[in-house]
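S.K.: Hints in hand, dock the two standalone chains.
Residue numbers (my numbering), protein chains in the order written: chain V, 1 to 407; chain R, 1 to 123.
None of these hints come from the bench; they were simulated from the model.
To give an idea of the chain R side of the interface with chain V (calculated C-beta under 10 Å), a few residues:
hint: 1; residue: Cys-23
hint: 2; residue: Leu-51
hint: 3; residue: Asp-60
hint: 4; residue: His-72
Cβ atoms here follow ideal geometry from the backbone N, Cα and C, with glycine treated the same way.
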Amino acid sequence: MIVVRIPPTLRGEVGGVRQVEAVGDSVREVLDDLVAQHPSLGPQILANGGLAPFVNVYVGGEDVRTLNGLDTAVATGDTVILLPAMAGGSSRPWSPPVATSVLDLIGSTPLVELPKLSPKPDVRLYAKLEGQNPTGSIKDRVAKAMIEAAEASGELEPGRALLEPTSGNTGIALAMIARLKGYPLTCVMPENATEERKRLLRLYGAQIVSSPAEEGSNGAVRLALAMAAADPRWFVPFQYANQANVRAHYEGTGAEIAAALDRVDVLVAGLGTGGTLMGAGERVRETFPDVVVAAAEPMPGDPVMGLRSLDDGYVPPILDVTRLDRKVLVSNEDSVAAVRELLRLEGILGGVSAGAVLHVARRLADELDEGVVVAVLADGGWKYLSADFWDAPDDDLESSMESTVWW
Amino acid sequence: MIPAAVRSAIAEHARAELPNEACGLLLLDGELAVEYVPAENASPSPYFFELRLDPVAWADIGERDVEQAIVHSHVSSPPRPSRTDVERIGLWQGRPYVIYSVRLDELAAWRIADGAIEPIPLA
Chain V
1 MIVVRIPPTL
11 RGEVGGVRQV
21 EAVGDSVREV
31 LDDLVAQHPS
41 LGPQILANGG
51 LAPFVNVYVG
61 GEDVRTLNGL
71 DTAVATGDTV
81 ILLPAMAGGS
91 SRPWSPPVAT
101 SVLDLIGSTP
111 LVELPKLSPK
121 PDVRLYAKLE
131 GQNPTGSIKD
141 RVAKAMIEAA
151 EASGELEPGR
161 ALLEPTSGNT
171 GIALAMIARL
181 KGYPLTCVMP
191 ENATEERKRL
201 LRLYGAQIVS
211 SPAEEGSNGA
221 VRLALAMAAA
231 DPRWFVPFQY
241 ANQANVRAHY
251 EGTGAEIAAA
261 LDRVDVLVAG
271 LGTGGTLMGA
281 GERVRETFPD
291 VVVAAAEPMP
301 GDPVMGLRSL
311 DDGYVPPILD
321 VTRLDRKVLV
331 SNEDSVAAVR
341 ELLRLEGILG
351 GVSAGAVLHV
361 ARRLADELDE
371 GVVVAVLADG
381 GWKYLSADFW
391 DAPDDDLESS
401 MESTVWW
Chain R
1 MIPAAVRSAI
11 AEHARAELPN
21 EACGLLLLDG
31 ELAVEYVPAE
41 NASPSPYFFE
51 LRLDPVAWAD
61 IGERDVEQAI
71 VHSHVSSPPR
81 PSRTDVERIG
91 LWQGRPYVIY
101 SVRLDELAAW
111 RIADGAIEPI
121 PLA
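Next up, chain R with everything else stripped away, as it sits in the complex (with noise of 0.2 Å):
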């Protein structure tokens, strides 16, 4: 489950960086996020992001005991994986993918593995 705040946190992020898309790492103890950790669009476009984070701070974060989920924003469409999100998984394959639609206010967790999109019900 994400916690009001933790889930605000995530939305102030998505409108601050319209009308370019946002990202960031949600940061998960067990189904519970815990921490939302902004990062910077490398790509700036309303369109596409690509995330980038101080390696060595990204590095520490995969030594704590926590999971992973990759956050971006959608501008206007709805919160579910588009076609670039599917073909740009890469290394994440299988893990947790979180979109924010700002248009919609709307937030959405998937797993994306092999060309397959399953949703991650939010509680």
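Okay, chain V solo, but in the shape it has when bound (with noise of 0.2 Å):
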């Protein structure tokens, strides 16, 4: 004769009884005999031939499944322990389901806290890596926003090619994201633009025509439009004037920081089309109504990549200054120096713009006591590799941080 023992939560099948006796060899036999005397048992411990999930069996206080399973022998005066078997767990963390494209992978970047770059202790400033995007810059969530309000109106459609004046990003981003919906792309950009940058147009499936060096970019807008205009095949998404580029940033870029942070003092883009600052200053604004929307520009006559200085006299359509509460100018040295100082005390290796946008960050961040400053970091430095200033001394670019404040 075997004892089982009957735990509480199996009592209700066996009549209240805290044991039962019953015979065999083995577990199986014992568990089969009880079975017979408790039929609705059956289910509860076995399933398949073979113990149900949620009970284990314990014989001279051995797990069964340990032993022999139900083949384990017993022999009279041994005592079978029948228990719940319970696990549970909470659940993991969400992680982001496998995108089916790339396009899905755009925007949702990371914010990152750069303590060692915050001026004060109780001033907390955050980057958002926007070189995370697929194609490295900010500029994919306009790209993906221009073209995909250019098919949902029906001005684009297939058979059209696109046309763009830009300095980099912008192209690149089109590039991919016309590639992968079957459209051609021209790019317009200055003929001294780095020979990297043309190197990955191309290599994204961009054909360059070459403006002007002496012109800018102000040339590279004027010939794409002169282009545009004398051939109605091309379509040109035209970032500074189209309205996607805007909402781009006001469903995403600022949507993201107003959900992820819960207070937001300043938040500081560079000046490029004005669609980071006029989109995502409006989202950020309207859960902060007191945020100060700071625009890092760079110093007239002293070009910064990717920013663009008004007073080169083209104001973007989608700019509306009076939306901004601050402009800070700043210098390329200035920009340069705090790039390489976010490279050497955060580990985050960003384009040159970034550089300007947090030298403007750590200034504005200074003139608070306490709050939370939010610095749009536009792209990564991989495309700037070439350029000089990552390995100058120190000395060069002492920076006098004596930015002119214009408002």
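M.R.: Spelled out as structure tokens, the structure:
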């Protein structure tokens, strides 16, 4: 005779008793005898010819699953113990679903705190790393939004070709997306654009038309608009005047920042097309009405790659300067010093405009006693590796920290 | 109700098991929790527990005139039953099931039956 101890969870099946006597030379025979006496126990303890998943059976204090299972031998005087097999656990942390296209990976970029770069312990400085987008810059958001808006409106359809004046990142983003969607792309850019940029554009599938170097990016804009006027086959997304640019930052960049942080006192972005400042600025202001939206603008005559000085004579139509709370001029030297510090102290390889934005963010952080400053870093430094400034001695970069503040 | 001493026994065990989940039994006399019996997590993980208790000791507890609740910790998520908890409720269907969130320092009790989760108010 074998004594089987029944746990409270199974006593309902055996008339409430705490133990039942059964016979057999193995666990299987004992359990079969038990089920013969109390048939409703069957599905609870046996399944598919083996032990049910939610019950543990012990002989001599050992789990029979670690012995011979149901064939474990038992002898008169042994006690068989049945107990619930309890397991569970918290859900694993959320992980992103597998994307069906690289286009689905645009946006949702990380925010990271930069404690070593914050000028004051009570001011938290965060960077939004737009370089983590698929082609490596914030322009993936803009390019995707502009192309999809044009497709939705019917302006862009198979057979048309894209033409865009671009200093690089927008072209690379447009090239990647246009190729996936089957549109050819031609980029108009100053002929002195770096060879790396041009090479990358060609690799992503773009054609390149050069505009005069001395006319800068404004010259590229003029040439592209003239080409489009002469040939209706071209569709020019024209990020400087395209509201989809602003919307991409309102619905993407800005909404992500507003959702991720419980406070934003200052939002800094570079002044390029104005898309980030207008779109993300507006969205962050909706959640944090007192936020200071600040533009990092290059000093006139001292261009910072990727940024635009309004003094150069072109104000992008999507830019409404009255929506900017601050505009801080930053020199190329300060930008470069900041981007090197970002790499040295925080391990983040940023682009040059990221340095400009960071420089301004630190200046404005320094004006606060406590609060949260967010810097939108438009791209990583990978496309600027051939630039000399990475290796220049610090003396040559000594920063005056005296950027002109306009308002 | 769960007296402060019992609650802190659960919390201390959960913290001691970090980074993994902890588990054990809570013994109830009517509605009053009288004792926490720590168990071993036989599958140590931040996202999983498998309760292991000396079978003779657990069978002996089953002879006492106390009700048992399964307790386990969630390291960082809230003390609500996860999908895993519901899927693995097994024989514990309809019985008290207590979860302690280490990060939130929150304790909550539930009954899980037929895939449905019902809270048990803690006084």
